[in-house]
Amino acid sequence: MKRPKIAFFDFACCEGCQLQVANIGEALLDILDIADVVEFREVMSEKWDQSFDIAVVEGSITDHHAIERIKMIRSRSKLLIAYGSCATIGGINGMKNNFELDEIRKEVYGKDYKYFDTIKTMPVHHVVKVDYFVNGCPIYPPEFITVLKAALSGIPYDVPDKSVCIECKFNENICMYEKGLTCMGPITRAGCNSWCINNGNICYGCRGMVSNPNEKSAKDILEKYKIDLNLILNRINMYNKCRELEDNEQKRY
Amino acid sequence: MQIYKILKKSNLDSLVSILSKKQKFMAPVSKGLNKFAFESVTSSKDIALKYIPTILAPKKYFMPQYETLIEYDTKEGQNMKAVVEYENMVLFAVHTCDLAGIQCLNIVFSDRPKDLNYLVRKNKITIIGLECNEVCDEYSTCAFMDNDLPNGGYDLFFTDLGEYFIVHVNTQMGDAIINDTKLFEDATVSHINELEKLREKKRKLFINQFGIDRQKIPELFDKSKESQIWDDIGNRCLSCGNCTNVCPTCYCFDVMDVQNLDLKTGKRIRVWDSCQNETFAKVSGGESFREARSDRKRHRFYRKFKYPVNRYSRFFCTGCGRCTRTCMAKISLLETLELLIKENKVK
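First to last, the sequence lines map onto chains A and B.
Just so we're on the same page, the numbering used here is the position in the first sequence counted from 1, plus 3.
Just so we're on the same page, the numbering used here is the position in the second sequence counted from 1, plus 1.
Mixed in with the good hints there might be a few duds.
Stated by the list, open to error - Cut-off 20 Å, straight-line C-alpha distance, at most; resulting in silico cross-link-like pairs (DMTMM-like, lysine to aspartate or glutamate):
| no. | chain 1 | residue 1 | chain 2 | residue 2 |
| --- | --- | --- | --- | --- |
| 1 | B | Lys346 | B | Glu135 |
| 2 | A | Lys152 | B | Asp74 |
| 3 | B | Lys331 | A | Asp223 |
| 4 | B | Lys217 | B | Glu344 |
| 5 | B | Lys331 | A | Glu181 |
| 6 | A | Lys152 | A | Asp223 |
| 7 | B | Lys32 | A | Glu175 |
| 8 | B | Lys283 | A | Glu49 |
| 9 | B | Lys32 | A | Glu181 |
| 10 | B | Lys283 | A | Asp161 |
| 11 | B | Lys25 | A | Asp115 |
| 12 | B | Lys76 | A | Asp36 |
| 13 | A | Lys8 | A | Asp66 |
| 14 | A | Lys182 | B | Asp138 |
| 15 | A | Lys219 | B | Asp233 |
| 16 | B | Lys36 | B | Glu139 |
| 17 | B | Lys51 | B | Asp214 |
| 18 | A | Lys152 | B | Asp258 |
| 19 | A | Lys152 | A | Asp33 |
| 20 | B | Lys331 | A | Glu218 |
| 21 | B | Lys331 | A | Glu49 |
| 22 | B | Lys36 | A | Asp161 |
| 23 | B | Lys265 | A | Glu175 |
| 24 | A | Lys219 | B | Glu279 |
| 25 | A | Lys8 | B | Asp263 |
| 26 | A | Lys222 | B | Asp233 |
| 27 | A | Lys152 | B | Glu72 |
| 28 | A | Lys227 | B | Asp233 |
| 29 | A | Lys5 | A | Glu45 |
| 30 | A | Lys219 | B | Asp232 |
| 31 | B | Lys61 | A | Glu175 |
Unchecked claim - Computed footprint of chain A on chain B, listed as stretches where at least three residues anywhere in the stretch have a Cβ under 8 Å from a Cβ of chain A:
| no. | segment |
| --- | --- |
| 32 | 30 to 39 |
| 33 | 120 to 128 |
| 34 | 232 to 239 |
| 35 | 262 to 269 |
None of these hints come from the bench; they were simulated from the model.
Ideal placement from N, C-alpha and C gives every residue a C-beta, glycine not left out.
Just need the whole structure built from these sequences, with the hints factored in.
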C-alpha cells in the first residue's frame, strides 16, 4: 500500500490539540514511519493542494466561511478524523449558543458587528461526515494514536460509552465526591484514563456525556452539595451545550 | 492438627524486609480520608494494620484491570502466542471478607473452561490473612454473610493479640515462610486461649443486622424479580460502574485487540467490564438485553445473592460493604436487602 498522506486542519479552537500531537514525542517518529504528514500548520510551513487520505480536524464550525472550508477539506480527503472537544462535541465554543447571535457579535466586534458573520457553534459532524472521533480537551494522546492506527488499518473506533469513573476506579483514585468535591466523571465518557483526577483535578466533562446519562440523578446528587441549580447546569453545559442541537434544527451526518 | 505460631510485633518489620526482598510484597497502605489501597511496600512502617476495606479488592492482583492474553504477528501469515503475565507476590493483611472474595474467584475461574491465566497467576501469590478484631464501619455485612471469621483461603492467617500476632499455618507455602524466616515461635495453650477469648468477644460485636437467616436469601430473591425497589434504585443509579469495579467477586471482562504502530503486530487484552455499563448487554443491531438501569441494578444483586447460589452453592456477596461506600448516589446494599425483606415479609 502507498504511504498514506495525513493533513491537519484547525477551525475555531485554541490549537491545543495540535500541540498535544506535536508533543507526542517518540511515537510520532513511528507514525512518520508509516505515513506522510503533508500539512500541519503548527509544526511545518509546507502546504498541500492535492487530495489526502486522512484529514485530522480540530475546532468547531462557527461561521459560513468555516462551513465552506470544512466541506472543501472533506471533499479532498478519503477519511476525516475530528479531534478535540471543539470538533467532536462543540466544546467550550458551544457556550456561545447560550446567547442571541447579535448580542454575541456586539460584545466581540463592537459597533461594526454587522460586517462579521457568525452562526451557532456546531461540531464538525453537523456539517460533514466524520469517520472517527477523538474526544477531549485537550485530546488524550494515547487515544489519538489508537484512533490513528484504527484509521490507517481501516477498522472502526468507538468512543467509549461508559463513565470516566470506570477508568478512575481502575486507577484506584479516591473519589472526588468523598473529598467533598463534585465531579462530572459519572456522566462523562471514558477514554482519557481519568487523566485529570489522577492529577488531583475534578472532571469537567470535556469528553462529552455518555449516550444515556442519568442527568436527573446527577442533578439530585449535586444538589445535595447545596450547589445552585444554575451553577450545576453551567457545569454540565460548559462542554456540552451543543448537544441541544442534536435533537433540534441540525442534521447529524 | 491445627498449627499455630507466634510472631512478636517487634519482628514484623524483619518479616516484611525478608519477604519483600524475595518477591513483591503487597499490603494495605493509607491514602488519607480513611481510604486504603493494596500497594507494594518494603517496610512495616508503610502498612496500615488497622484498615477498612481497600478502594479496590485484592482481585486486582488475581485478574488485573488490563491483562495480555495473546501476542500476535501478521507479517507472515497469522502467528499467535499465548501469554500468561504473572509475578511472585506475597499479599499481606488480607481481611476475611477479601479471602472469601478470592475463594469465589477461584471457583469461577476453575469452572470449565478453566482459565489458565488466572490459575497460573493465583499459584504465584502467597496470601497472608489478617483478622478484623472490630467491625470496620456501618456498611459491612460480613457477619450476615458468615465472613467475619476465617474460613480458609490463606497460607498464613494473622490475628493481632496486642504484643504479638498469633499465626495459623494453613499450607506448605505458609509453612515455608515460617521455616525460611526463622522469626516465628511455637504458640502455647495460653496464646490459643487468648485467641479464643477474642473470637468470643467478636461474636457480640459482629452481628447479623437483618434479623433473618442467610439461607432465606435465595427464597427472598425468588419473590423479588418484579419489585418496585429495582426501579427506585435504578432511577438513582448513574451507571458509573463503581459498584462492580470495587466488588471483590465481580469478574466480567471484555476482550479486545491492541495493535502496535507497525499495524502488523499487537496483543489481545482483557479489560474489566461492568454489567452497569450501557454497552454491556448491547448486541449487533443496537438491541440491549438490559437497557433499563433498574434491570442492570437488579442483575447485579441477583449475581451476588441468587445465580451463584444456584450454580456454585455459594453467595457472591462477601459483606465487605465496598459497593455501598463507593456509590455517590448512596445506593446501599444493606438498605436494599432490608427493603426486600420488609416487602416480602420473610422471617
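Each hint, compared with the structure:
1. Lys346(B) - Glu135(B): 31 Å, violated
2. Lys152(A) - Asp74(B): Holds: Lys152(A) and Asp74(B) sit about 16 Å apart, inside 20 Å.
3. Lys331(B) - Asp223(A): Satisfied, since the Cα-Cα distance of roughly 11 Å is no more than 20 Å.
4. Lys217(B) - Glu344(B): 14 Å, holds
5. Lys331(B) - Glu181(A): Answer holds: Lys331(B) to Glu181(A) is near 11 Å, not above 20 Å.
6. Lys152(A) - Asp223(A): 41 Å, violated
7. Lys32(B) - Glu175(A): 10 Å, holds
8. Lys283(B) - Glu49(A): 46 Å, violated
9. Lys32(B) - Glu181(A): Cα-Cα ~12 Å, so holds.
10. Lys283(B) - Asp161(A): At roughly 14 Å apart (the allowed maximum being 20 Å), Asp161(A) and Lys283(B) satisfy the hint.
11. Lys25(B) - Asp115(A): 69 Å, violated
12. Lys76(B) - Asp36(A): 16 Å, holds
13. Lys8(A) - Asp66(A): 28 Å, violated
14. Lys182(A) - Asp138(B): 18 Å, holds
15. Lys219(A) - Asp233(B): 13 Å, holds
16. Lys36(B) - Glu139(B): 15 Å, holds
17. Lys51(B) - Asp214(B): 30 Å, violated
18. Lys152(A) - Asp258(B): The given pair, whose Cα atoms are some 12 Å apart, holds under the 20 Å limit.
19. Lys152(A) - Asp33(A): Cα-Cα ~11 Å, so holds.
20. Lys331(B) - Glu218(A): 16 Å, holds
21. Lys331(B) - Glu49(A): Violated: Lys331(B) and Glu49(A) sit about 56 Å apart, past 20 Å.
22. Lys36(B) - Asp161(A): With a Cα-Cα distance of about 34 Å, the restraint between Lys36(B) and Asp161(A) is violated, given a limit of 20 Å.
23. Lys265(B) - Glu175(A): 33 Å, violated
24. Lys219(A) - Glu279(B): 17 Å, holds
25. Lys8(A) - Asp263(B): 16 Å, holds
26. Lys222(A) - Asp233(B): Between Lys222(A) and Asp233(B) the Cα gap is close to 16 Å, so the pair holds against 20 Å.
27. Lys152(A) - Glu72(B): OK: Lys152(A) and Glu72(B) at ~17 Å, within 20 Å.
28. Lys227(A) - Asp233(B): At roughly 18 Å apart (the allowed maximum being 20 Å), Asp233(B) and Lys227(A) satisfy the hint.
29. Lys5(A) - Glu45(A): 25 Å, violated
30. Lys219(A) - Asp232(B): 14 Å, holds
31. Lys61(B) - Glu175(A): Answer holds: Lys61(B) to Glu175(A) is near 10 Å, not above 20 Å.
32. 30 to 39: holds (count 5)
33. 120 to 128: Not satisfied, violated; 0 residues make the cut.
34. 232 to 239: holds (count 4)
35. 262 to 269: This one holds; 3 residues, not fewer than the three required, reach chain A with a Cβ under 8 Å.
Hint compliance for this structure: hints 1, 6, 8, 11, 13, 17, 21, 22, 23, 29, 33 are broken, all remaining hints hold.
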